[in-house]
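**Student:** Let the hints inform the model, and build the full structure from the sequences given.
2 protein chains.
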Amino acid sequence: MAVYTEVTDEELSAFIAQYDVGQLLSYKGIAEGVENSNFLVHTEKAYFILTLYEKRVNRDDLPFFLNLMQHLAAKGLSCPTPVVMKTGATLGELAGRPAAMVTFLEGMWVKRPKPVHCSGLGGGLAALHVAGADFAMTRRNSLSVASWRPLFSQSAARADEVKPGLRATIEQALDQLEADWPQDLPGGVIHADLFPDNVFFLGDRLSGLIDFYFACTDSFAYDLVICLNAWCFEPDQSFNVTKAQALLDAYQKVRPLEPAEIAALPVLARGAALRFLLTRLHDWLSVPEGALVTPKDPLEYLKKLQFHQDVDTVSAYGLAL
Amino acid sequence: MAVYTEVTDEELSAFIAQYDVGQLLSYKGIAEGVENSNFLVHTEKAYFILTLYEKRVNRDDLPFFLNLMQHLAAKGLSCPTPVVMKTGATLGELAGRPAAMVTFLEGMWVKRPKPVHCSGLGGGLAALHVAGADFAMTRRNSLSVASWRPLFSQSAARADEVKPGLRATIEQALDQLEADWPQDLPGGVIHADLFPDNVFFLGDRLSGLIDFYFACTDSFAYDLVICLNAWCFEPDQSFNVTKAQALLDAYQKVRPLEPAEIAALPVLARGAALRFLLTRLHDWLSVPEGALVTPKDPLEYLKKLQFHQDVDTVSAYGLAL
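Protein sequence lines, in the order shown, are assigned to chains A and B.
For what it's worth, UniProt numbering labels the leading residue of the first sequence as 1, then goes sequentially.
For what it's worth, UniProt numbering labels the leading residue of the second sequence as 1, then goes sequentially.
Among the clues, some could well be false.
Note that the list lumps identical chains together, so a pair holds whenever it fits in one copy or between two copies.
[Claimed, not checked] Capping the alpha-carbon separation at 25 Å, the derived lysine to any residue pairs in SDA-like fashion look like this: (1) Lys45 <-> Thr103; (2) Lys163 <-> Ser207; (3) Lys163 <-> Asp283; (4) Lys86 <-> Trp109; (5) Lys45 <-> Arg139; (6) Lys45 <-> Phe104; (7) Lys296 <-> Pro98; (8) Lys114 <-> Thr8; (9) Lys45 <-> Leu202.
In case anyone wonders, no lab produced these hints; they're calculated from the structure.
**Tutor:** Structure (structure tokens):
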């Protein structure tokens, strides 16, 4: 649920008047997203999503995110496009918060992705990587390997409360990943959070990608294994190789992987699993007693980490050797 | 915030297929309403509001509410209109809950109503009363005078925790109101909950009335004083007679009050104040420790009750004697 900031109609009308979109006709707070306040806004011209950026988003990162969406949309990628104010700016202020309005994207996210959706995702992800190749700005991935040990230090002492032995398991994985983490793989802009709720479909057809607020500069193959973890495991934690193959094949039709990228997939997949295990573990241990929001289960990502630790060759992912 | 029930895209697509509205293009959970789950749905034909009725709404009342909205819309009142399924029904089922889809109404509610909005409200309320006059169904007002003592009995023992002396004040008011409550005033369908968040405007012009889920059969003047209490007091609890006059004048331009209704306004206004004082007191004392939702302050309505207890003549409301 996400409307953290209440906005009055006068404030909103004044904000909307900065754009060339006609008069405000209606707006509704949307129960989506967990970081920001979102409103679906209808003006005389069209429907838009208005986002008020709350504290967890770093204000200095907003130009990267907004310019990236503009760049990708201009390259033909289907994603929300920031609407430009009469002044030429895309970032404004509303109710004391940074705020931006983006175009409304039709489509729905798929709660139970099938192989056909993994295929759509693969094509969309590769298109994103290709479209972002000449984007001039960069943003360090603040949730990559260098950040994992400091992040874990905040949870280490209590990790075994969640599962006995978890602390040692994570420390071992950290040691290995810090030693083996691949450098110099092909990279550029990655989405870094392309879970099913950020990918819209109309029927079986991908209609667009949303929520670029974790986007950063990192290796493309890392983005791909984040998707592999988020889309290709079943609710019982079994790995669905048909979905993995659909994802990887569709990706490679648009952007073929280099041999070094393919070789790195298992270690990258372990890293991607550890990254979400660590953030979920941190959130799990930080939730106050009696909170209404149930944090996501960190152990789901422990099982994914262990799956990839057992992978010998990329044939486990459905790739030919 | 109101999305209590999660709906999958498959379930929703199947539900939408019962209507002649084209394919589903998108849907968003809306952070509005506190009783039901609401979604803004876009199909190939239009935008709609889809409501899933949660436990607090009595399923047997739904035909009254839906038929009423249809009746009022057919009479030209601007309100959400239930969309009719191919079977001719307006009430369906989705995710195990009764569900209905209504037309989307443009407009926004006004956080700080001005006299011009009270005037718009008065005209709209009278139009509602006139349009509902020949509606065939009836629904008893389950929150009228007969219900107040049983409702208060659940809070009486703890009332003085909220304010010392509150129990005695309420008991006195109850005794008086039960003795003096007017019978046989002109009546019919009333909205019974026409607070600012249920009245939409586009600029200064009323664009429609929403949320008919407290509608019932009762005296028209009682509906009017519910509005008087909800719209004509300032945040500091002072009574704004200009707003009251605007409300009453605009109402009477469409439906002139009879002398008996005018004479009854002070006692009805005390009753309307007590009704919301009692439900808010009940909610205030029922909220679990640490809940995220802040209940509305019951004492706001104690002050309104006391204002009306001091009213000698209806000139206090801006009416000529």
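**Student:** Would you mind marking each hint as holding or not holding in the structure?
**Tutor:** Hint check:
{"no.": "1", "hint": "Lys45 <-> Thr103", "in the structure": "both (11 Å within a copy, 20 Å between copies)"}
{"no.": "2", "hint": "Lys163 <-> Ser207", "in the structure": "neither (40 Å within a copy, 57 Å between copies)"}
{"no.": "3", "hint": "Lys163 <-> Asp283", "in the structure": "within (15 Å within a copy, 40 Å between copies)"}
{"no.": "4", "hint": "Lys86 <-> Trp109", "in the structure": "neither (33 Å within a copy, 27 Å between copies)"}
{"no.": "5", "hint": "Lys45 <-> Arg139", "in the structure": "neither (34 Å within a copy, 42 Å between copies)"}
{"no.": "6", "hint": "Lys45 <-> Phe104", "in the structure": "both (12 Å within a copy, 17 Å between copies)"}
{"no.": "7", "hint": "Lys296 <-> Pro98", "in the structure": "neither (28 Å within a copy, 30 Å between copies)"}
{"no.": "8", "hint": "Lys114 <-> Thr8", "in the structure": "between (42 Å within a copy, 14 Å between copies)"}
{"no.": "9", "hint": "Lys45 <-> Leu202", "in the structure": "both (23 Å within a copy, 15 Å between copies)"}
Of the hints listed earlier, those the structure fails to meet are numbers 2, 4, 5 and 7, in rising order.
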